[in-house]
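Asks: Sequence:
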Amino acid sequence: MVRMNSRLSTPALALCALFGAALAFVPAACKPAPHAHDRSIHEGHDHARTHAVRQPGDPARPVIASDDFYHGLGQWVVEQMSGGTVSAADGILTIADEAGCTVWFRQKFAAPLIISYDATMNPEARVSDLNCFWMASDPANPADLFHPAHQRTGQFSTYDTLNTYYVGYGGNANTTTRFRRYDGTGARPLLPEHDLSDAAHLLKPAHTYAITITVTADGATTFARDGEVIFSYRDPKPLAEGWFGFRTVKSRIEIKNFRVFSL
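Here the sequence shown stands for residues -24 to -1, 1 to 239, numbered as in mature numbering (1 follows the signal peptide of the UniProt record, and there is no 0).
Calculated from the structure, these hints are not laboratory results.
Glycine included, each C-beta is placed from N, C-alpha and C at the ideal position.
Take these hints with a grain of salt, some might be off.
[As the list claims (entries may be wrong)] In silico DSSO-like links for lysine-lysine, alpha-carbon gap of 27 Å or less:
| id | residue 1 | residue 2 |
| --- | --- | --- |
| 1 | LYS180 | LYS226 |
| 2 | LYS180 | LYS213 |
| 3 | LYS180 | LYS84 |
| 4 | LYS84 | LYS213 |
[Stated by the list, open to error] Per label pair, the in silico range of CB-to-CB distance:
| id | residue 1 | residue 2 | range |
| --- | --- | --- | --- |
| 5 | ASP120 | ILE40 | 11 to 21 Å |
| 6 | ALA119 | PRO212 | 32 to 42 Å |
| 7 | ASP202 | ASN98 | 30 to 40 Å |
| 8 | ALA65 | HIS183 | 41 to 51 Å |
| 9 | THR129 | ARG82 | 31 to 41 Å |
| 10 | ARG37 | ASP194 | 35 to 45 Å |
| 11 | PRO115 | VAL53 | 17 to 27 Å |
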């Protein structure tokens, strides 16, 4: 189980400086720490951190895409196993799932960007798997995630060969929260510092989570929950463009206020 380290590595300090200049995301309390050597794609320089992050809301920041969920699913592609439903109405995207579901935004995005949304786990269903993919692409058809030849069905294993960043928040029946950088081989590498299981990083029923994801032009990405960065990762082989998707299994999630901003 990962414990939060109160000190940041030198590369993480550089990331702090970057966010401080661009977004003022990282607090001024960042301190230097001993150098940590870069590792390979499976062991890229990365962190599981918890620190303050400002929610996007700067009126000068361009909005790349958004959905208020009053006008149906026209901007989304649903991949779902039998027994579940997905709907968008009255300001809410509702994913009611039984056996596995991914809901992709149709538009392809390029870094740098910020993705934000609010998500609530319905307490009347299983509370588990508030998950997402971002900067995702299929090595078989990199230019078109929705190429007719794709093999994705909603079953989780059919996503293993993507190139993507992924967070499984409250996965495995709400016992783990994990970050992975899928490398397109099906291996889905997981570093120890990206494998959390303490109660502070698991899901609570009926709580509305403010999720913020950032991707910078130089290969750094963060995942924040309720204003705190849970994972940050500097990718030695950055995913500079790709698609975003919500992911869950056997749960009911209600999502509002989906926004993508230029960083």
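Asks: Okay, PRO115 versus VAL53 on CB: inside 17 to 27 Å?
Replies: With a Cβ separation near 19 Å, PRO115 and VAL53 satisfy 17 to 27 Å, so the hint holds.
Asks: Please test the hint of 31 to 41 Å on the beta carbon pair from THR129 and ARG82.
Replies: violated, 18 Å
Asks: How does the Cβ-Cβ distance of ASP120 and ILE40 compare with 11 to 21 Å: does it lie in that range?
Replies: For ASP120 and ILE40 the Cβ distance comes to about 19 Å; the hint holds.
Asks: Take the C-alpha atoms of LYS180 and LYS84, compute the straight-line distance between them, and say whether it is at most 27 Å.
Replies: violated, 31 Å
Asks: Next pair to validate is LYS84 with LYS213; report whether the Cα-Cα distance is within 27 Å.
Replies: Given that 27 Å is the threshold and the Cα spacing comes to 19 Å, the pair holds.
Asks: What's the verdict on LYS180 and LYS213, does the C-alpha distance respect the 27 Å limit or exceed it?
Replies: Outside the cut-off at roughly 34 Å; violated.
Asks: Given the hinted pair LYS180 and LYS226, is their alpha-carbon gap at most 27 Å?
Replies: This hinted pair holds, its Cα atoms lying about 16 Å apart.
Asks: Does the Cβ-Cβ separation between ARG37 and ASP194 fall within 35 to 45 Å?
Replies: violated, 19 Å
Asks: Check the following: the C-beta atoms of ALA65 and HIS183 are separated by a distance inside 41 to 51 Å.
Replies: violated, 22 Å
Asks: Could you see if the CB distance from ASP202 to ASN98 stays within 30 to 40 Å?
Replies: Taking Cβ atoms as reference, ASP202 and ASN98 lie about 18 Å apart, which means the hint is violated.
Asks: Between ALA119 and PRO212, does the beta-carbon spacing fit 32 to 42 Å?
Replies: violated, 23 Å
Of the numbered hints listed earlier, those contradicted by the structure are 2, 3, 6, 7, 8, 9 and 10.
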